[in-house]
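Visitor: One-letter residues, chain by chain:
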Amino acid sequence: MSQAPRDDLFGSYSDQLDSRTFDEMFAADDVRDNYAAVHTAFSEMDALDVQARADSLASSYLDQGVTFGVEGEERPFPLDIVPRLIEADAWRTVDVGVRQRVNALEAFLDDVYGAGEVFNDGVVPRQVVTSSEHFHRVVAGITPPNGVRIHVSGIDLIRDGDGEFRVLEDNARVPSGVSYVMTNRRAMSAALPEVFADHRIRPVSSYSRQLLGALRAAAPAGVTDPTVVVLTPGVYNSAYFEHALLARTMGIELVEGRDLVCRGGRVHMRTTRGLEPVHVIYRRLDDEFLDPVHFRADSMLGIPGLINAARAGNVSIANAVGNGVADDKLLYTYVPDLIRYYLHEEPVLKNVDTWRMAEKDAREEVLDRLDELVLKPVDGSGGKGIVIGPAATQGELDTLRAAILRDPRAWIAQPVISLSTVPTLVEDGIRPRHVDLRPFAVNDGERVWVLPGGLTRVALPEGELIVNSSRGGGSKDTWVMADPAEPVAPEAPELGHHGVVEGLPPDHGPAHDTVEEPVEQQQQQQQATDDPEHATEEDPTC
Amino acid sequence: MLSRIAESLFWIGRYVERADDTSRILDVQTQLLVEDPGIDEAVSCRQLLSVMGVEDFEGTANRRAIMRVLATDPDSPTSMVASLEAARESARRARETLSTDMWEAINTTWRAIGSGRVRTMRPPALFAWVRERSSVIAGIADSTMSRDEGWQFLILGRSIERVDMTARLLSTAALSDGPKVAWPTTLRAAGAYEAFLRTYRGLEADRDAAEFLLLDRLFPRSVVYALTRAERSLENLASNGGRRAGFDDESLRLLGRARAELEYRPLADVVFDLPVEMERLQRSCSNATDAITHRYFSTETPMSWLGGAH
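As they're listed, the protein sequences go chains A and B. With this note's numbering applied, the first sequence has no gaps in its numbers, which climb one by one up to 528 at the end. With this note's numbering applied, the second sequence has no gaps in its numbers, which climb one by one up to 534 at the end.
This is chain A alone, in the form it adopts within the complex (with noise of 0.2 Å):
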């Protein structure tokens, strides 16, 4: 470790570190060895440089419409200019941690929309799943042709005061977020191309690719070449800019539930050459809206009879209906039982310490203490209802214990872990700010294929510990680092080359060959103007 020179930049940095919290630049004064070459960088460029590459940094993210919906208005999404760096060893961990844990989900609901034993066995109540609003009994019995339901999870991931990764939720039904993934590593590499050329980042740009792999396994039996459609719920949804990208670098349709029609158990979209077969559906919307004859009558945004063709197997549904029950914040705390009871294998990630509220002995311990913890409700998502004890009034405490005592299955209760953070531009130059990460997994029923990057949400005001965007959140380009044991790219090229090849020089074109022409026809008209009487009438340009 070096001592870091002190410079504008950097200023009061340290001042805002506590000994709770993990810095991942820092320990204490020195700056850690992984971070050495991107301090060095920032420490190196004045501040209005660096100000005005964060500048063209949010102004090419507007060009490019690269936002986020809030209440129907397109925002930009705001990038902070200073990278987070994953070491190798670091990633290892997290890269088996979330294939363990999606794999033990997935035998969680094959599980529950099957056989059931987990419940018979005593691991997870079955009232846990029954009591959620997830659990949808019409997909009970529909088996995945390969066996996938989760095909795109993501894994949200916290480091604890030690700097250990921690799961703080998992996402099973429609995790978003990726395309930031991808369009903040191209801004990047834009904005700071010397420090990216310092560093061996592992890339992300395949993410497409690994998707499409899987929705492809995921086809009905017997379709060798499907079709699959990316369904949005339409240009108003927040995430509608991810849905667009995601469809286009596919190079797949993006359907609305509209364009789709069911007819005899088959889904077929409306195409300028009339119908034409659907075989997969990477759909973004939720379970509720996906079919008025199942779920909510009154959505227009699906498609009636989309379930009974997935019944009838011959349209798969990426990721699968029913999957909430996956990932619901109080089945969360069994996730770990569950690896165990299916994998027989130890949680390589840890959860964070979590009280069921639904629990008598649990309920009453954390009635008592409520001012220094964390209560969050058990469906809730983008940090809606989080209540955080410390910060809260006695105004906000007594609803909640009302709350609590209303409906205990609701809430569980965590203690407040301070999220570990990572420099962030802000006005007075770079500081702290709390961090989180949402890896992406990609199942394609053969292996769990987790993108090396991820999703950092960054909280932008001073101390705040939501990251969520609809909250002021900001995200920053996350670089894992490549094991030096290992090539970057280990893909052979499919073209080959031999040897070193010479272009030809381009086609040179009248308009190169000067010389003599010119110099004539400016004689002619100077003769013209200064010998008026031996004026030419030929016209010097012939």
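No wet-lab data here; the hints were simulated from the structure. Here the structure is a predicted model, which means the values were calculated and not measured. Backbone N, C-alpha and C define an ideal beta-carbon position, used for all residues, glycine too. Among the clues, some could well be false.
Some chain B residues well away from chain A (every beta-carbon gap over 12 Å; in silico) [to be verified]: (1) 227; (2) 330; (3) 481.
Residues on chain A that point at chain B, a partial pick, calculated with CB under 7 Å [unchecked claim]: (4) 51; (5) 221; (6) 223; (7) 225; (8) 233; (9) 234; (10) 239; (11) 240; (12) 245; (13) 249; (14) 257.
Here are some chain B residues pointing at chain A (derived, C-beta under 10 Å) [what the hints assert, rightly or not]: (15) 316; (16) 331; (17) 461.
Got chain A sorted already, so can you dock chain B onto it with the hints?
Guide: Chain B alone, transformed into the frame defined by chain A:
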């Protein structure tokens, strides 16, 4: 191709062309108002508004009003700014099918409107800017889009809009009080002045100018050229290889008939009452659009035999 996407592309073509042509028409008119001392500002502005299809205009028709209604007011559906915004909205819906370059060209144009840059421009600069942006968009489309169905719909939309708007441009010229100034300015607005001079060897007659903008088969902004281009796109889309008799596409019939009406009648007949003739042309464009919508974009399943596609 998805019907919804096809529709978006068709309308991107139309909206961008509409902004472009509106700027050309406004350019002529604002110049005429300046250059021609004998012109009655109120009368000619009102005429312009009516040619541009503004029906419920209230207040004093003057230069400022036409700039507002036809150029800068985003709430006025006939304004250039509104057309560009609509183009961007259509592009957003077809985002995944557009090339990144194409999307960014449209999006940055839209951003300049939102950021207020447009409001600070003087009218001539604004007209030039709109023309430049639509050329950029058209150029990028030309160099990055595959010549597939999407391209055909984009070109179809652009061509139909060009017919419609050139018809309006011709109407404004014909209705103008000062035709001696009007026709050369109109030719310039259509970017056709030099092409016209070369074709007609510098003889400037109003009739020739009208003939050139209506009937020239080689100049890309002429009515007949744009009609032919639209017909070709429709033929490519229908691809009903080797029909022996007639056309089965209503929009193709409408456009073909409109073109024949222009090309196979004596010019004197056509220009006898040019504004009325031009209105008829606009109606053909409108009907053709309905027919295209019905056949290709309608959410109803088109009634056609697909022989073995299922």
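Visitor: Of the numbered hints stated previously, which ones are contradicted by the structure, given in increasing order?
Guide: Checked against the structure, the hints that fail are numbers 1, 2, 6, 7 and 13, while the rest are satisfied.
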